[in-house]
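Numbering of the sequence shown is given in numbering that gives the first Met the number 0, commencing with residue 0 and proceeding in unit increments.
To be clear, the hints were calculated from the coordinates, so they are not data collected in a lab. The structure presented is a predicted model; accordingly, all values stated were derived computationally and were not measured. No false leads were slipped in.
List of simulated lysine-lysine pairs, DSSO-like, C-alpha gap at most 30 angstroms:
1) K41 - K67
2) K29 - K67
3) K29 - K2
4) K29 - K41
5) K41 - K2
6) K2 - K67
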Amino acid sequence: MKKSLTYEEVRDWVMSNPFGDRTMSPIAIKYRYMISYMDAAKFLERLEQDGIVSQWDEVVGSPRTILKTSQSSGNV
0 MKKSLTYEEV RDWVMSNPFG DRTMSPIAIK YRYMISYMDA AKFLERLEQD GIVSQWDEVV
60 GSPRTILKTS QSSGNV
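All chains should be modelled from the sequences, with the hints used to inform the complete structure.
Spelled out as C-alpha cells, the structure:
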C-alpha cells in the first residue's frame, strides 16, 4: 500500500530548491509525486500561506519563487 503524501514531505523538497533556480510550480510537484494537478496546487497554496513560496502572479504557467530554502531558514 502506498503511503499518503504529507505536506511536510512536499515542503522539505520545495525548500531544498531542487532545480537550483529558486522556482517551483504545481506541475513540478505533480510530476515529482505523481499526484493530480489540483492536489499539487493545494500544496503550493499552503506553501504560499506559510511564506515559503511567492504569490501567484496570475500569469498562466508562471512559476513561483521559493522565498525560504533549507539553507536560508536553518530548517530541515
